[in-house]
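The listed protein sequences derive, respectively, from chains A and B.
FYI, our numbering numbers position 64 of the first sequence as 64, with every residue one higher than the one before it.
Numbering-wise, our numbering comes out as the position in the second sequence, counting from 1, plus 1000.
These are calculated hints, taken from the structure and not from any lab test.
Owing to the predicted nature of the structure, the values given are computational and were not obtained by experimental measurement.
For each residue, glycine too, the CB sits at the ideal point set by N, CA and C.
Incorrect hints may have been included.
[As the list claims (entries may be wrong)] Quick partial rundown of chain B residues pointing at chain A, CB under 8 Å, derived from the structure:
{"#": "1", "residue": "Pro1089"}
{"#": "2", "residue": "Val1235"}
{"#": "3", "residue": "Val1250"}
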Amino acid sequence: MKRRIALVALLLLIAGAALALRWSPVDYAAQDRDATMAPSSAQHWTGTDELGRDRTVRVAAALLIGLAGATAAAALTTAIAGCFGVAAAFSPAWAAAVLMFLSDVFLSLPWLFLLMMARSLLPLTASPLETAVATFVVLAALGWPACARVLYRGALSLRTAEWMIQGHACGLRTRQLVRMHLLPHLRSLLLPQFLVCVPAFIVAEANLGALGLGVGEPLPSWGSMLLELDNSALLARSHWVYLPIALLVIVLLTLESFSAEGETHA
Amino acid sequence: MSWPVTIAMRAGRTLLLILCAAAGTILLVRFAPGFFSDPREMDAKYAQAAQEEIDAENGQHRSVNQIAMQEAKDFLGGGFGTSRQYRVPVAELIGARIPLSALLLARGILGGWLLAICAALPVSSLRRGGLFWGLPFTILLAIPTAAMATACILSETGGPVLVLALLIAARDFKFLRSMLEGAWRSPHLLQGRAQGLRPRALVRLHILPNVLPQLCALTTLSIVTALGALVPIEVIFTVPGVGQLAWSAVMNRDLPVLVAVSLLMACVVGCAGMLSMRAPTLEAA
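Sequences and hints are given; from them, build the entire structure.
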């Protein structure tokens, strides 16, 4: 029930954002120089930012970009973690130890510090789209170690299951065993890992953006929207500045309810 | 295996992890675009000949091996080299900032733990309404650290310690609650309740001793979470600590500072990891 309500809320938010982008006559990057830091009006429903850009359109675009990027990054990181975990589980003990040690190396530095370091060391002269792709690729590339450990343990316990041993005895190759027997059984672990990663990546992107290391302007993102809160002149003029953070919390709460349910199922 | 050997092996593994983290940092920074840019190149007072000399000077340290050797030499010398952006010994830079960050971390973690325990103990004993009482922590969990810090500044309420404490409390509450819920439902506790033991006695005599090893693991998690949050909190509140230094080093490709901060963070995470291993080891011993 809780999951269904969360799903409906999330779908409504996505549909609302898509409609706002579709029907709005202005682009997310279009600047209205006569209406900078404008309050709510018929033309700009939730006002404009310091460059005169429509806040409704920017928030809608940030929501869709954040969700799409985080979902893609979470899918990629779960796939990497799955490959890593399964490879370690079906490798000799020494190879598994090396692979798990590699994941420990990534875990030996705090996640946000590692992200910040990797993201900031990417090219300085990149287009906004490239920075968005780079940010989410970095998230995916650094998010797998914790998931890989969980999946390794799951795959290891499944490897020694009786039906796996029987499959092996029947002459099935390792690749066939993994594809036909292991992966369907690992789905109960893969899905929760994916669901946990989506909100975690959205929060990480917002934190990176607030440090100036997220998605580049003029492409809107949660991080760049949070930076607006630093502008005291803007805060004094309109309360709509708080809209992005309110929406972000709602999105994260709906996603958290999915991940909580996923954890329960796991 | 005897416990001194186990501890020595774990310490060795932690040391290896720290070295790998430092090597990874060197590789990452060495191949970053703009690593070889020197602020002096932008200075008009340097003549063409001087610029070429600067190029040649930088060219001497281009290979990863040379950089690693230099870093190792600086590390063994105890100074960690000289910061590229501040032109000050790194040890001096970090040494002045460690007490500030350590104090912030200690206060934040302590505050967070107090908040989480004070909330989780009564909530975990409830039969109904746990979801409602846990809602503030769920909402806190959904707020990015940077947003929480900005909100504190805007409302002129609290400071870096409060933000860190709230973040730790939000993360730990979830684990503490499920941990304590399991403990409350265990058969020996039900028997203790049936025998008329008071809740305070139940917590002191039965719950805390049972969840102690898990609490040690949770301490590790709290330290790692706090270290990660240190960067945005110190940057937003302009606290001159290690987190702010790390951010500035990352933005300016200051390799000696980055390697030193990475080593420091990996050391803290490694030692915190050893802390979570300690309880079962000693139990087994």
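Against the structure, the hints:
no., hint, result
1, Pro1089, "violated (22 Å)"
2, Val1235, "holds (6 Å)"
3, Val1250, "holds (5 Å)"
The structure shown violates just one earlier hint, number 1.
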